[in-house]
Amino acid sequence: MEKRVIFRGWWLPICLVAPQLIISIIFFFYPAGQAVWQSLFIPDPFGLSSQYVGLGNFEYLLGDKYYRASFLTTAVFSLLVTVCSMIPALFLAVCADRLIKSSGIYSTLLIWPYAVAPAIAGVLWMFMFNTRVGIVSWYLGQLGYDWNHVLNDGEAMGLVVVASAWGRISYNFLFFFAALQSVPKSVIEASAIDGAHFWRRFFDIVLPLITPTAFFLLVVNVVYAFFETFGVIHTITAGGPQQATTILVYKVFSDGFVGQDLGSSSAQSVILLVVVGLLTVIQFKYVEKRVHY
Amino acid sequence: MAAGNGMVQRTGSHLWLTHLFVIVGVLIIFFPIWLAFVASTVTQPEIVSPPMPILPGDQFIQNYKAALFAGVNVPVSKMLFNSLIMAVGIAIGKIIISLLSAFAIVYFRFPGRQAFFWLIFLTLMLPVEVRIVPTFEVVARFGLLNSYAGLILPLIASATATFLFRQFFMTIPDELAEAARVDGAKPMRFFIDIVLPMSRTNIAALFVILFIYGWNQYLWPLLITTDPEMNTIVMGIKQMFPSGDDVAEWPVIMATSILAMIPPVIVVISMQKLFVRGLMDSEK
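Chains A and B supply the protein sequences, listed in that same order. Heads up, the first sequence stops at 293 in this note's numbering, and the numbers go up one at a time, no gaps. Heads up, the second sequence stops at 284 in this note's numbering, and the numbers go up one at a time, no gaps.
Read the hints as simulated data drawn from the structure, not as lab findings. Source: prediction; values computed, not measured. Beta carbons: idealized from backbone N, C-alpha and C, even for Gly. Take the hints with a grain of salt, since some may be wrong.
[To be verified] Label pairs and their in silico Cβ distance ranges: (1) B:V24 - A:W199: 15 to 21 Å; (2) B:V247 - A:G259: 26 to 32 Å; (3) A:V281 - B:M198: 30 to 36 Å; (4) B:A140 - A:G63: 30 to 36 Å; (5) A:I25 - B:M198: 26 to 32 Å; (6) A:I25 - B:N146: 22 to 28 Å; (7) B:F241 - A:G141: 30 to 36 Å; (8) A:Q51 - B:L27: 44 to 50 Å; (9) A:E59 - B:L176: 54 to 60 Å; (10) B:R189 - A:T211: 44 to 50 Å; (11) B:V88 - A:L79: 32 to 38 Å.
[Stated by the list, open to error] Chain B residues, not near chain A, derived (Cβ > 12 Å throughout): (12) K78; (13) V88; (14) R113; (15) P197.
Pulled out of the complex, with its shape left as it was, chain A reads as follows (with noise of 0.2 Å):
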């Protein structure tokens, strides 16, 4: 689509663009080449000069079993923030587009953990979990079990996983609920007649009507769980115990400025580029889709 009246000149458009273009340049376009040209090179312990390796840092990074090992953490710790921040949310959005009256004090309510910081949520929830002051895990101890996210992987895990989903739970609900909204009333109200129950309906015509809306959000979760998360793992578990929690995006972070290894933290940088360019284009795909309906 392009407008057919237009205005004539070439260099007030230029100036109008201008700044957007430097920042972009600058900030932007210059550190993308820098991260692929320094993920050709290997600099010297000293920092004073550099050795090409081509493709050296990649193949060493595939071989790599801390790196391998990054990339099942972020998988399954994307899919567990995406279905543990979806299901709730459609939950709770069924719920409340059945409340149709008081259906606005509960979005209201709900929409509150969206404004709160992911690192922020990771001190909340660091804090009801702390091994010496926490109070769901001196609970849980008085229970017996014996919680502990600082050497136990798997509740490292969970707990990185519960409080990156919180937040997320909100967003999420907000779009479940415009979508359940604008299912038509009288579709749902001809299969009433017809004798389904809620959930028969629920099943056979509400959800395949909010699917668009399922998938959209399945990409942004992911996409989330991939960049947004640096706060939360950063606070509550700082990548451990031994790696549990070093998603992708932590682990640039921690190579290349606690590290200091520049040439594998540009390699990993490039890899991730990859990833969210794939990303971008399955979202993309897919939002065409979602402007038809």
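With chain A held as given, fit chain B onto it using these hints.
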């Protein structure tokens, strides 16, 4: 079937159960925030000898005063101020550069227009988390570490807002631009008198989303603010925990976490309609 309930049955008992489900859901979701609030109103000894109380204590004023004016490394009021500058800076900066470039893309044909469009499109694909090391180096070379410009500029280099405004400008009737042209109005006149007022709601909705985005940033401020005076509140909380075996000052830390969530929560609740709209738009 009760009268007045429409064709789809809504029997009393079902509705009660539904209310119950939602209320339990809301309570579970609120519990972490409630607990943080309680912890911010009691004394340190009450917390370190578990279980901590689950009803607020009487230390509210002392704890918040301690957090705001003393803090741990730096007073929390300073961190709140830094966060405010960063969030508002990101929101306004991004809105301004996006409005200008979207206006240029939609209302002009200039050499390199397509190329620019695709360049901008590419920036959608790479969150700052992915390119942290080289971006850090660029910012360091410009001497922008521990500065507001360093906190803000790298985060406004993204295209979502540009696409949003482009899409909206496409819906502005051509007649308006035509009329402006016939009247001999300069493009910028048209932009200021017609386009900007019409974009009011979109700008406001985007502001809400970008404010929260900026306020909640963690990794970037963590990297470039080594001086506690420049810490933002969201990243500063982690710095309040002692390294090693010392016991954390829980009441002050939890008061800080409550303070950190108040501004974005107020923005979301008070502008709920705009917020939901902005959210749905920016994901499209």
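Outcome of the hint check:
Remark: the range hint 15 to 21 Å for V24 of chain B to W199 of chain A is upheld by a beta-carbon distance near 20 Å. For V247 of chain B paired with G259 of chain A, a C-beta distance near 30 Å keeps the hint of 26 to 32 Å intact. Taking the beta carbon of each, V281 of chain A and M198 of chain B are about 33 Å apart, inside 30 to 36 Å as hinted. Between A140 of chain B and G63 of chain A, the C-beta spacing of about 32 Å keeps the proposed range 30 to 36 Å intact.
For I25 of chain A paired with M198 of chain B, a C-beta distance near 31 Å keeps the hint of 26 to 32 Å intact. Evaluation of the 22 to 28 Å hint for I25 of chain A and N146 of chain B yields a pass: the beta carbon distance comes to about 24 Å. About 22 Å separates the C-beta atoms of F241 of chain B and G141 of chain A, a value inconsistent with the hinted range of 30 to 36 Å. Taking the beta carbon of each, Q51 of chain A and L27 of chain B are about 59 Å apart, not inside 44 to 50 Å as hinted.
In this structure, E59 of chain A and L176 of chain B meet the distance hint of 54 to 60 Å, their C-beta atoms being roughly 58 Å apart. At about 47 Å, the CB distance of R189 of chain B to T211 of chain A agrees with the hint of 44 to 50 Å. Separation of V88 of chain B from L79 of chain A is about 36 Å and conforms to the stated range, judged on CB atoms against 32 to 38 Å. Look at K78 of chain B: its CB is around 18 Å from the nearest CB on chain A, clear of 12 Å, so calling it non-interface holds up.
Consistency note on V88 of chain B: stated as away from chain A, and its beta-carbon is indeed over 12 Å from all of that chain's, at 16 Å minimum. A Cβ of chain A approaches the Cβ of R113 of chain B within 12 Å, the least distance being about 8 Å, so the stated non-interface status is violated. The Cβ of P197 of chain B sits about 18 Å from the closest Cβ of chain A, beyond the 12 Å cut-off, so the non-interface label holds.
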